[in-house]
Amino acid sequence: MENKANDTLIVSSAPHLVSEVDTSRIMGTVILALVPSFFVSTYVFGFRVITLTLVCIAACVTLEYLFNKITKKKQTIGDLSAVVTGMLLAFNVPSNLSYIIAIIGCFVAIVIVKGLFGGLGQNVANPAITARIVLFLSFTTQMTTWPLPRGQQTADVVTGPTPLGILKGANGVLPSNTDMFFGFIGGSMGEISAIALLIGGIFLIWRGIISPIIPVSFIATVAVIALAAGQDPVFHVMAGGVMIGAFFMATDYATSPILPLGKLIFGIGCGCFTMIIRLFGSYPEGVSFAILLMNIITPHIDNFCERRIFGGVKS
Amino acid sequence: MAEKKKHLQSIHVPHNKNTVECETERMPIPDFVYISMSQHIGAPCRPLVKKGDSVKVGQPIGDSDVPMSVPIHSSVSGIVSGIEESRSDNGGKNTLVVIEADKKQELWEGIQAPKAGSREEFIQAVRASGLVGLGGAAFPTHIKYNPKNIQDVTTLIINGAECEPFITSDHRIMVEETENIIDGALLVMKQLGMQEGFIGVEDNKPDAIAALRSMIEQKGNPNIEVIPLRSRYPQGAERVMVYEVTGKTMDAGVLPADLGVILSNVTSIAFIGQYFKNGIPLIAKRITVDGDAISRPANVLCPIGTKIADVVEFCGGYKEPPKKILMGGPMMGRAIFSDQLPVIKNNNAILIFAGEQAWVKEETACINCGRCYRACPFKLMPTLLSSAVKRRDAGALERLKVMQCMECGSCSYICPARRPLSFNNKLGKAIVKEAQSK
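Taken in order, these protein sequences are the chains called A and B. According to the UniProt record's numbering, the first sequence holds residues 1 to 315 in order. According to the UniProt record's numbering, the second sequence holds residues 1 to 438 in order.
So that you can see chain A by itself, here it is in the shape it has in the complex (with noise of 0.2 angstroms):
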């Protein structure tokens, strides 16, 4: 009877309790950010947005796991962030795209950005941003052809330009701002509505899952800038990916600044090239270019940003 209960005792090291929030959890989360975006995709694009999104979220998810099983590293589809890789990489996508470019984005994504560099949190840039910087060299026709919006198609116009299309000078009229507040517009599926993203967005601050240093920073430089250019600066923030950039790509952990410094950095960093690029060059929207490069510039702004430590004085 004596030691009967020493049978079974474990020893490890403290603490011995744990938060409830895991990465699972953490991924969740933004999953479930995502859906006021994916609702208002859905009604304004019609059912093909389900099927692409679950095509996308099947596909990484799949690489995933058949990446892993080849390389023989542990199962970690259960993390869920290959879901959400595969949700962020449908909503850059153009709603007609065909599932096989798109199978070939969360290729890109899940095997070349995320897996090739040693999986979750090894990542350089941010797998769904890289991967539509891929699909958008390799196959820009497809990656441009924007279906029109609920309403505005007719019997033989069913694709158009999107708003920074327009203002590039593309045959067409800008739509109001209330439009693209509401999110009916054309462009990628789920980016049009400001909305449903700033829904989101303020859920995953209120949460605690994002800081809101880099979303504040990078749409205030955005609309800073354009104002200074003598453009509407509601417009520029409202078009293209600002908004689901500046809340769900560039707030990425694995490849964005860990203190708060940084993130200030790395939001203005943001702000400033997707505004260059709009502006000054040849396409007419810079959200993921502008991600991608501060995304390389991360582990310099961190390093920039050591903190000071508490004590470490002597008296």
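The reader is advised that the hints may include incorrect statements.
[To be verified] Below, computed lysine to any residue pairings styled on SDA-like, alpha-carbon distance capped at 25 angstroms:
| no. | chain 1 | residue 1 | chain 2 | residue 2 |
| --- | --- | --- | --- | --- |
| 1 | B | Lys429 | B | Ala365 |
| 2 | A | Lys74 | B | Phe423 |
| 3 | B | Lys426 | A | Glu20 |
| 4 | B | Lys6 | A | Leu261 |
| 5 | B | Lys51 | B | Glu84 |
| 6 | B | Lys50 | B | Glu120 |
| 7 | B | Lys307 | A | Leu9 |
| 8 | B | Lys17 | A | Ser13 |
| 9 | B | Lys56 | B | Pro28 |
| 10 | B | Lys51 | B | Lys219 |
| 11 | A | Lys74 | B | Glu363 |
| 12 | B | Lys390 | B | Phe423 |
| 13 | B | Lys429 | A | Lys74 |
| 14 | B | Lys426 | A | Ser19 |
| 15 | A | Lys72 | A | Val111 |
| 16 | B | Lys219 | B | Lys361 |
| 17 | A | Lys73 | A | Val21 |
| 18 | B | Lys401 | A | Lys73 |
| 19 | B | Lys307 | B | Leu8 |
| 20 | B | Lys323 | A | Val21 |
| 21 | B | Lys361 | A | Tyr65 |
| 22 | B | Lys429 | B | Leu8 |
| 23 | A | Lys74 | B | Ala365 |
| 24 | B | Lys401 | A | Glu20 |
I should point out that these hints are in silico values taken from the structure, not numbers from a laboratory.
Using the hints, position chain B against chain A.
For chain B alone, coordinates are given in the frame of chain A:
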């Protein structure tokens, strides 16, 4: 002076103070007690008794000539049935004096309320009482109260934060032995020539704060102030407490006396109050017994040297086979390998778990979320430290100030990837010490 706007970084942990309403129960004397000769930081004691000796309650049974040590007293009356070598809770060797109790609990003749005329006499009496820091560190109190720069020490801080989840023994002391706390505080302040006293209590213990305040009033409003503190973890850590109460930054390895303060736990102070009244040395300890595998959670006053298994039996036994037994709280306590170990002076809780919190969680990849950075009270950077530990890079560890870490466990608690960051820092400190000794 106690006004301060900025707080250190902290985390929220569930309080789980299930036993807060449980009045302290005096445990019956067990058949045998196993009194450890190593119950404090410093040199272990050598037994003063041998097999067959009869001992009485409060009789010194262990002492040492080394300055950094404290005598150990018998908690029961009875016959010494043996001196045993055993393994201690931290895995080291330990000597136990085993006493078969006669249950008469006769007091030792030498017991009398000490006189404390001069400061030297007071310090001598504190040593003779067997008191060590009862907050958990077990630092010999007579050394703490005898700093070189005693003339610079102006402030007594009494730590009643009790920020560890589950534990309520300090809380019960504050409610049940309020007078001893204030008497002890006044005595220490008078003897050490300190002008002011602060009692820091987390604001989740309003009854304790009220009890202390009304006792201060009863005693004619001496210069002791109760400071309600935020109920955040690790509010009760020494260096956090000093900062939150005085705003002074205290480095690792620095004595509070160098900053003009002396910090004692409420339980230590209450013991001083009691000791200078009746002279009974430190022979019993209030312990919170809780956890999902114990039948009857309780606060128990048990003789030092009681086997944990006996305490468990007093609390109704195990509800289900335990998976983890902790001495101390879940954040900083030690998981022990056997319930046959005895209760020692600085024990304040025995927590027994069978459920999920007993398991070691599977570690996953760091996602660079920065939660550990935001959790660390001292603004250390646990992810950088853990990669420096992996490289065994003593230089980087020193530059990142791993020695400042107090192993509060906040970073490990908060980590969504379940990485043992706090434990890593412990390894990091060992690497730095090794490099320094070369």
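Hint-by-hint comparison with the structure:
1. B:Lys429 <-> B:Ala365: The given pair, whose Cα atoms are some 23 angstroms apart, holds under the 25 angstroms limit.
2. A:Lys74 <-> B:Phe423: 23 angstroms, holds
3. B:Lys426 <-> A:Glu20: 24 angstroms, holds
4. B:Lys6 <-> A:Leu261: Holds - the C-alpha atoms of Leu261 of chain A and Lys6 of chain B are around 19 angstroms apart, at most 25 angstroms.
5. B:Lys51 <-> B:Glu84: 10 angstroms, holds
6. B:Lys50 <-> B:Glu120: 32 angstroms, violated
7. B:Lys307 <-> A:Leu9: 16 angstroms, holds
8. B:Lys17 <-> A:Ser13: 22 angstroms, holds
9. B:Lys56 <-> B:Pro28: Between Lys56 of chain B and Pro28 of chain B the Cα gap is close to 16 angstroms, so the pair holds against 25 angstroms.
10. B:Lys51 <-> B:Lys219: Measuring from Cα to Cα gives roughly 47 angstroms; hence the hint is violated.
11. A:Lys74 <-> B:Glu363: 11 angstroms, holds
12. B:Lys390 <-> B:Phe423: 12 angstroms, holds
13. B:Lys429 <-> A:Lys74: It is violated: about 30 angstroms lies between the C-alpha atoms, which goes past 25 angstroms.
14. B:Lys426 <-> A:Ser19: With Cα atoms ~21 angstroms apart, Lys426 of chain B and Ser19 of chain A stay inside 25 angstroms; holds.
15. A:Lys72 <-> A:Val111: OK: Lys72 of chain A and Val111 of chain A at ~14 angstroms, within 25 angstroms.
16. B:Lys219 <-> B:Lys361: 51 angstroms, violated
17. A:Lys73 <-> A:Val21: 24 angstroms, holds
18. B:Lys401 <-> A:Lys73: 34 angstroms, violated
19. B:Lys307 <-> B:Leu8: Violated - the C-alpha atoms of Leu8 of chain B and Lys307 of chain B are around 39 angstroms apart, more than 25 angstroms.
20. B:Lys323 <-> A:Val21: 23 angstroms, holds
21. B:Lys361 <-> A:Tyr65: 22 angstroms, holds
22. B:Lys429 <-> B:Leu8: Satisfied, since the Cα-Cα distance of roughly 22 angstroms is no more than 25 angstroms.
23. A:Lys74 <-> B:Ala365: Cα-Cα ~10 angstroms, so holds.
24. B:Lys401 <-> A:Glu20: Roughly 29 angstroms between the alpha carbons, so the hint for Lys401 of chain B and Glu20 of chain A is violated.
Of the hints listed earlier, those the structure fails to meet are numbers 6, 10, 13, 16, 18, 19, 24, in rising order.
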